[in-house]
Amino acid sequence: MVWNAAQITVAMRTIRAETGYFKDLGRIRMFHYRQMNFAAQFLLSDKEESSADFDALDGEIGGLFKALRTDAQHETDREKLANVETDYRRIMTMVQTAFALKTRGKMREAIAVIEKQVEPLSTGIFQKKVDGLMALSVQRMEGYYDETILHLGALPWMGARNLKTIEGARSAIRYYSLVDKVTLLINGQVKELLDYLAAPTDENRRGLDEFNVDVKRAFAEWGKIIQDQETLGVPGEDEDLKMMRTVEHAYYQVLESAEHIRTLTSAGRSRGSFEPLESRTMFLIDNILLSTLDAALYDSREEIENAHDRLIASTISTSATSVLVIVVIGLALFWVSRRLIRELIRGIQALKAGTEIIGSGYLDHRIVVEGNDELGGLAESFNRMTDSLKDGNEDLRSFIYSLSHDLRSPLVNIKGFSGELGSIVRELDELLRRSRVSSDEKDRIRLQNILENDIPATLRFIGMSTERINEQMNAVLKLSLVGQTALKPERLDMTALFRSAAAGFAEELARQNATMKIEDLPRVIADRKDMQAVIGHLLDNAVKYLDPGRPGLITVFGKRVDGGALIHVRDNGRGIAKEDLDRIFGLFRRAGQQDIPGDGMGLAYVKLLVKRHNGRIWCESQVGVGTTFSVSIPDAKFIGEMK
Amino acid sequence: MDNQQPVMILLVEDDSGHALLIEKNLRRAGISNKIVTLDNGQKAVDFLFKEGEYSGSGHASPPLILLDLNLPVLDGYQVLKIIKSDERTKAIPVVILTTTDNPREVARCYELGCNVYITKPVEYEKFSDAIRKLGLFLSIVRVPD
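Chains as they are written, first to last, in my numbering: chain A, 1 to 643; chain B, 1001 to 1145.
I should point out that these hints are in silico values taken from the structure, not numbers from a laboratory. One thing to keep in mind: the hints can contain errors.
Stated by the list, open to error - Simulated coverage check for chain A against chain B, where a stretch passes if three residues somewhere in it have a Cβ under 8 Å from a Cβ of chain B:
1) 416-422
2) 458-470
Stated by the list, open to error - Simulated crosslink set (SDA-like; lysine to any residue; CA at most 20 Å straight-line):
3) K1024/B with G483/A
4) K191/A with P120/A
5) K181/A with V138/A
6) K578/A with K1024/B
7) K1024/B with V138/A
8) K1024/B with E427/A
9) K1043/B with V623/A
10) K1081/B with E579/A
11) K1024/B with R397/A
12) K1024/B with A577/A
13) K1024/B with I445/A
14) K1043/B with A577/A
15) K529/A with G483/A
16) K1043/B with E579/A
17) K1084/B with Q1042/B
18) K129/A with L194/A
19) K478/A with R397/A
Cβ coordinates follow ideal geometry from the N, Cα and C atoms, glycine included.
Can you make the complete structure from the sequences, with help from the hints?
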């Protein structure tokens, strides 16, 4: 695209040079015409200023030729120019000869030179050659414009505006050519007119009429071109129209006057009588017709330049803009990507450092990654993972803590009573020894007591405590196994699961005069066995802790929440004290009256199962009113076995 | 050893095995006072303030309380707090006798106002030793009227 813009700029510059060339050729032509008029005037009317004007124009034309020689872009042009200049010099020489003859009073010879030598060279050869050069130049210009339009096609954002500008420039060339043509025609017509006025023969009249047809057509074309230019948005079309009308008007006035003069002539009136008319007509011709045409031609030449400049400006600015835009975008991309890469590197380093810290045991460290969304998200998930790791660790720690304490209790007993056993045995030994020697009644009673009470009691305590340890170990083992077997999530109908679990409590409920109501529950994707265990424990608790003081009512209700299920098990039982609400989820912890059998670890187990599903379990309660256990389980992200 | 008055020692302990061991060792240490054993914190508080099931009871205030921390219904910390914040009972010496030896817990108990903290060791010897020492200590202390 940038190449296209560059090509357009080059083409524009070529067109500009070409236009200059064309204009200068046109000027030469026009000046030469005027020159010839001045020459004729000088010869016919003796006006000194005509001669001066003639010489001035010669100077101009000379300068133009010089400029053309340097500006000509093509070798062929230069050759042709040299040729044309030679012709021109010949004409000048001839005219000077005519002038010299005239000064010497040899009018007829002078006029003969003009008519027989200058005329054919000037109109027949010189003008035609210059026309030819101009036509070639216009052709080249059109070619360059076509090329430009082609390149413009590759620059979509140039669009209609620039295309219009080119069409405008092209149209300016055409306008110029037309005005030029009109000027040529009218100058020719003026000549015919002068001839006709000098000798109003029918033949001359015919010549005039023929020319008139062409002139009329030319005016029509002129009018049309002005209209076209208006459509193309070329400025100054009012001016052009005015000029055209002026020229038209002046032309027809001239024709009228000429006709009038002819009438007067054929009426036999003397030349002197209509001299004012004649001079007015000449005035019309020179100062209005010809000079307006001149102005029109000058303006149209300007318009070509302006149209050019507009086009060059727009293409240059667009190509400059496009280059600028591309460079800016490139820089921006470079800068942005550099920043992104730096951010990425920083983020990765933060992640790496963070994971190392956390990996070495500092579970409180959190990774912060700024700026980058993807890395930020990664850091977030990592932090969440650390959170749940820390959480899991906490649970484990508190489990172990509880365990160690709860194990100590039975161990105290075992040790203590084993020690007691030792003492008893020592006492027994003593008594037995003494009984061999005497048989103290007190001793005998004591002996009996030891054998019947102390020893059995001691052994019982030891046995109970060992059993207690065993229970705890089993419970802990069960807990530790949570997470060992793979989760097998499937779509579960929670209503069905609760109902089938509830069936198992039917007898107990009837005995306690209690009812269980299970409403429509949401479905969830989770492990069946785990959910059955959770359900079993929750219902078990609800049933176990009913208040005998009032008819028990257990309600199970729930709903879908986004991405999972939320289920509540509400009972109107004894309730749990506020300070115990957290404790009940702890290992071996129970709250309230310890009159109901239970290992105190059901809720810890349930909590682990729920956590395995990334869910939550919590409890709300009021002593004497009731308790509600709430469980939220998000849908598992897969169905079937997780490898 | 002062046994002019039938002063009783209150033992708040829910494990019957522990309670028996403590009692035996107190006896071996020479303490012959009556030992009242209660197995939950709420009962202990009711007993001390003569409320609940003990309202209207005529017993005297015990000169010593042996208190376990892991009690059902009302745990040892709460009992300790209640005892030490009530005018009627805050002068009674309280000996915490419990399985946990976590320094944080120990500090907490002292903050709440306990007088002595004894960790139930697993070693029998140490246990009986500690109790015996307690017994000697008690024997030195003049039990008020």
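Here's how the hints hold up against the structure:
no., hint, verdict
1, 416-422, "holds (count 5)"
2, 458-470, "holds (count 3)"
3, K1024/B with G483/A, "46 Å, violated"
4, K191/A with P120/A, "14 Å, holds"
5, K181/A with V138/A, "14 Å, holds"
6, K578/A with K1024/B, "38 Å, violated"
7, K1024/B with V138/A, "133 Å, violated"
8, K1024/B with E427/A, "14 Å, holds"
9, K1043/B with V623/A, "18 Å, holds"
10, K1081/B with E579/A, "15 Å, holds"
11, K1024/B with R397/A, "35 Å, violated"
12, K1024/B with A577/A, "36 Å, violated"
13, K1024/B with I445/A, "19 Å, holds"
14, K1043/B with A577/A, "17 Å, holds"
15, K529/A with G483/A, "12 Å, holds"
16, K1043/B with E579/A, "19 Å, holds"
17, K1084/B with Q1042/B, "15 Å, holds"
18, K129/A with L194/A, "26 Å, violated"
19, K478/A with R397/A, "17 Å, holds"
When held up to the earlier numbered hints, the structure conflicts with 3, 6, 7, 11, 12 and 18 and fits the remainder.
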